[in-house]
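J.: Listed below, chain by chain, are the residues.
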Amino acid sequence: MKENKKEGGIPSKKIQENYENQIKELQDKVESLDNSWKRALADYSNLEKRTAEEKENFLTIVKIQIIESFLPFFDNLEKIQEHLKDEGLHLTLKDLQKALKNIGVEEIEAEGKDFDHNFMEAIEVQPGEKNKVLKVIQKGYLLNGNLLRPAKVAVGQQ
Amino acid sequence: MSKILGIDLGTTNSCMAVMEGGSAKVIPNAEGANTTPSIVVPDQNIVGIPAKRQQVVNPKNTIFSIKRLMGRRFDDPEVQRIKGDYPYEIVEGKNGLACVEVEGKTYTPQEISAKILAKMKTDAEAFVGQKITKAIITVPAYFNDSQRTATKEAGQIAGFEVDRIINEPTASSLAYGLDKKANEKIVVYDLGGGTFDVSVLEIGDGVFEVKATNGDTYLGGDDFDQKVINWLLEEFKKENGVDLSKDRQAMQRLKDAAEKAKIELSSTLETEINIPFITADSSGPKHLNIKLTRAKLEQLVDELIQRTIKPMENALKDSGLSKSDINEVVLVGGMTRMPKVTQVVKDFFGKEPNKSINPDEVVALGAAIQGGVLTGDVKDVLLLDVTPLTLGIETLGGVSTPLINRNTTIPTQKSQVFSTAADSQTSVEINVLQGERNMASDNKSLGRFMLDGIPPAPRGIPQIEVIFDIDANGILNVTAKDKATNKEQKITIQGGTGLSKEEVEKMVKESELHADEDKKRKEEVETRNLADGLCYTAEKSVKDAGDKIPEDLKKDIEEKVKGIRDNLQTDSVETLKQKTQELSSILQKIGEHMYKQGGPTPGSQDQNPGNGSNDQDKGKDGDNKKDEPVEGEIVE
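Sequence lines, in order, name chains A and B. When the letters of the first sequence are read in order and numbered with this note's numbering, they come out as residues 1 to 158. When the letters of the second sequence are read in order and numbered with this note's numbering, they come out as residues 1 to 636.
If you are wondering where the hints come from, they were derived from the structure by calculation, not from laboratory data. Yeah, the Cβ is synthetic: ideal placement off N, Cα and C, and Gly gets one too. One or more of the hints may lead you astray.
Computed spacing ranges between beta-carbons, pair by pair [as the list claims (entries may be wrong)]:
| # | chain 1 | residue 1 | chain 2 | residue 2 | range |
| --- | --- | --- | --- | --- | --- |
| 1 | B | 73 | A | 17 | 51 to 59 Å |
| 2 | B | 92 | A | 25 | 50 to 58 Å |
| 3 | A | 102 | B | 122 | 32 to 40 Å |
The shape of chain A in the complex, shown without the other chains (with noise of 0.2 Å):
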């Protein structure tokens, strides 16, 4: 009998082990499944959050990209101006530039202002006086207040 009991008491203890580990393995799994569950779906909502954000952002962005890839030409004929003086020209140029505005374009004023590293893009250092923009080379331009393209400037220095 007593050696029944010590052969039997063995393997219930073992059983027993055998059990506390499984409940450990689950719980540790059901704890990183809760983890993963929970980090899927909080990037789910960012991700909507994000989709909705990105969906109010969308018109400006189609804007920007449009807008950029015109500015060229608008600087070229503003060059072109620069050389013939041509009044027709003027005129275009002024009503394209009413354009611009009503869609939300401003330029930037650079010109005699002190240099701006968040609206302007230094080019040169010439004579002058220090940290002020001496001239602006290619115009500058923002879209609602938020920077399209920088300024391209001069800038003094003793």
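Dock chain B against the given chain A, drawing on the hints supplied.
T.: Just chain B now, kept in the frame of chain A:
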């Protein structure tokens, strides 16, 4: 749980990515760009594009290429070389290490890099909408312990807990999923903005071992641009006798145009470089208008591309491998977009290189994936599969009606309500189909089962809900349930989607090939179903109306019904459509008569059967819409 940011801290540009919803995604910076110039004005804390914009004004205080100084001693020949070339001050700091000095203050390369990392951290947190405390930062495979430690310290100064420093080529390989291959040899060819690295890796049991590295630390995209600029200067001089190289404004425009042309020639064979009013002399304004072909560009930069061959040979030699031992080649860095570069690498190894991932972002993406492996995210990804082919059931006339469209991410569930095709039909057969074709016979039948015990009722009245459910293991459960009796039958299809890739591709291709003819056949069946359904409705309406409608109208309708019925399978689609139309307009007269007499309008409730039968989006994902739509009919 916090996310881990994967960061490619580059010599010229840096990039970051994070795991999201199981895949790596690049995070744009606050300025909206996917990469950030690795340029810092430390005393004013300006980082990235704004720092680049003021570089000309403030060259002594604008620190760039700090990566070249990371963890190096001041007397290191590399440091001495840079010291002569760079406009900012490089000094000897603590323990003989190289540091930079700005406005009388000494900064370690770690501190400068930390400013870049800190900006990325802030921008990333704003983008994902949560704090990010952990990072994985990549370094070149040849970085020694001191350089790696310095990189880790930079991360810590920026407020990161740096989980791991991993090699750039390892990250790129991870991005291409090459870690899943066993015992493969990989070559990573990285031609970036300012440096060229080639690494030979060996992968075993998911662990990468760097066998050899080589490269040229002063070769990159900027050199390519310079070649184009020089050529443009020469051409212009030849034509106009004017040297533009001293004109800063002209040079600026030339530089922009050269880079643009180089990028364009990766996708076109010829481009025109136009710079109106580039300069002016006594004879008036001058314009630059030069054609550049891809062949010419390749000739201009050939010397640069050839310079990448020797390092490839050396790396192979050091690794003790031959070209034929290499299983995979990975392209990294913006310059690898150039077809000629790809070609040279391809010819060298005799193997098509991996280049499908954006080469500017691949390192950061790989770092993010490594982060995903650490958090366990990546393991989950493997479970998120998609159904390769559309799953549906066969409906009246042999049409295949889809329930779950192909490329739907699983697990997923869809349900749709169907009805019977004949009066007193007491059972329906559900034929589960897989494939893209419109007709059931062209698709693969995965299994069929019967649902019987449906109480006898006129056609179109019983509501049989069919539910498709695919679990995460791709096991498909199809259940059909009679809503009146709640009686249900189901079938479980194991590995029904377990087609080989080739089979799937073949099926998708076939459906594209037969798209037009399938559409016609489906339309034909639908027209016949519609005509049949309308005949049924007409007969029922006449019967229900009894003597409330005049005899001649009754007769007229019966004749029309007979006209359709007799030739239902033989009439052309057009004829049938016309006949259906005629019957439909006459039927409306019943309604008129009924209203005149103030009676109920019989037959109105089942006007629907057959109409709009395949409107798939209804009954989506178990949403409990009203139970009325009878959206299709099941073949008896």
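J.: Compare the structure with each hint and give your call.
T.: Hints, one by one, checked against the model:
1. A C-beta distance of roughly 57 Å is found between residue 73(B) and residue 17(A), which places it inside the suggested range of 51 to 59 Å.
2. Residue 92(B) and residue 25(A) have their C-beta atoms about 56 Å apart, which keeps the hinted 50 to 58 Å range intact.
3. Separation of residue 102(A) from residue 122(B) is about 35 Å and conforms to the stated range, judged on CB atoms against 32 to 40 Å.
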